[in-house]
Amino acid sequence: MKALISRPEDLAPQTRWIETKWAWTGEEELIDHRAKARLCAAALLPFRDRRPDWEGFAASIRWMQSAADHYGVELVAVLNADTGYLFDLDDALYAEVLRRFRSEFPRAKFIAGVTARGAESDTAFKAERYRPLLDIAQQHENCEVMIMTSRGLNALDPERRRDGYLQIAEWLVRPGIVHALEPAFVPWATPFEPWLLWQLARHPKFVGGKISTLDEPHFLYWAAMCRDLRLEFSPHSGDDFGIATAIKLGLPLLIGAAVSAAPLICAAKDMWLMDGDPAKRFPAGAGGFDTRVYKLLESLQSLEDQVFRLNAGMSASAYKHSTAHVLHQLGIIAAPEAHPACKDLRASDEAARMDEALRRPLRLAERLGIPYRPSPASVAVDATARSSRASNRGNKGSPR
Numbered sequence: 012m013k014a015l016i017s018r019p020e021d022l023a024p025q026t027r028w029i030e031t032k033w034a035w036t037g038e039e040e041l042i043d044h045r046a047k048a049r050l051c052a053a054a055l056l057p058f059r060d061r062r063p064d065w066e067g068f069a070a071s072i073r074w075m076q077s078a079a080d081h082y083g084v085e086l087v088a089v090l091n092a093d094t095g096y097l098f099d100l101d102d103a104l105y106a107e108v109l110r111r112f113r114s115e116f117p118r119a120k121f122i123a124g125v126t127a128r129g130a131e132s133d134t135a136f137k138a139e140r141y142r143p144l145l146d147i148a149q150q151h152e153n154c155e156v157m158i159m160t161s162r163g164l165n166a167l168d169p170e171r172r173r174d175g176y177l178q179i180a181e182w183l184v185r186p187g188i189v190h191a192l193e194p195a196f197v198p199w200a201t202p203f204e205p206w207l208l209w210q211l212a213r214h215p216k217f218v219g220g221k222i223s224t225l226d227e228p229h230f231l232y233w234a235a236m237c238r239d240l241r242l243e244f245s246p247h248s249g250d251d252f253g254i255a256t257a258i259k260l261g262l263p264l265l266i267g268a269a270v271s272a273a274p275l276i277c278a279a280k281d282m283w284l285m286d287g288d289p290a291k292r293f294p295a296g297a298g299g300f301d302t303r304v305y306k307l308l309e310s311l312q313s314l315e316d317q318v319f320r321l322n323a324g325m326s327a328s329a330y331k332h333s334t335a336h337v338l339h340q341l342g343i344i345a346a347p348e349a350h351p352a353c354k355d356l357r358a359s360d361e362a363a364r365m366d367e368a369l370r371r372p373l374r375l376a377e378r379l380g381i382p383y384r385p386s387p388a389s390v391a392v393d394a395t396a397r398s399s400r401a402s403n404r405g406n407k408g409s410p411r
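Numbering-wise, this note's numbering comes out as the position in the sequence shown, counting from 1, plus 11.
Here are the simulated lysine-lysine pairs, DSBU-like style, with alpha carbons at most 30 Å apart:
hint, residue 1, residue 2
1, K137, K354
2, K120, K216
3, K32, K13
4, K259, K120
5, K216, K32
6, K32, K259
7, K137, K216
If you're looking for bench data, these hints aren't it; they were derived computationally from the structure. All of these numbers come straight from a predicted model, not from anything done at the bench.
Given these sequences and hints, build the entire structure.
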């Protein structure tokens, strides 16, 4: 039997994960009850009457931030990712989302998703397609840039794919996050080979990477390699069907699920820590971690399995519409609309489906004292602010 590769120097561009020791590392070997990693929430851009609902946009982020502050979790909003309709936004609206965020949250860090613009007819990869959104995002300080996988970049062999990322990195003046996709998300996607992850993880401009994974435990592979090799590179889980894994491993989440379940995720992160840990806000009282977290994780995942449920074409991309229904039912946004150009829509019974999906999480949240529903006072404040803004606009019309 061929020995498993354990040294990065022995990796070749075509080496498969299954040929390495990191693919055979169990979750139990990576468990961490001491680290409370950040939660990167791919913020929803809500709509009302076919226009962006800027008040709802800010209210949803304040709701998530309130939960994060309550449990001592670092929250980083991810702007203009798929949940923010990145692929439906023109450059002007992309820039406006960032400006609106910075105006509402002047000191908050954010992550900006960038993708290749105008590459639909390209016959070869052109790194400069990333420049327009990259230049817009990097006008802002205290931000990181997530280089979203594009079809052209993904199509390259491992060595040329690395070179493509390195070319984009030449334009980075903010910290960069690389992004890998499994074919469970889009048919043309291919996750990083171990050699490619090793190459990118050592680059000084890349502080971490997101792996959007559903069918393969690639997040575990990344976690095992980065921990074993002590890489200064943080794997971020993009697995909305496997939220518990990142919490148990003490690693960051970068997910759309945070938008509908931030209080539950933040509570789980705190409950997973051992009593006595300086970062723990609510000790269990017996010196260990709060074992009720297991039921919370089950409840949380049952909700997100419905929000991200697969359609007949095996796609979960309509989760954005489900998320809007959840936030609407919680009283955070005014309407459960999607972007008017978005084709990933749920059926007319989605409000009832999300009502059913919320029952167990809401019940458990109440029993555990988790502030899942926004308080009546905060809802009243938001309503007053909306009314004031509407009055100030007068007959000028709504901004785009």
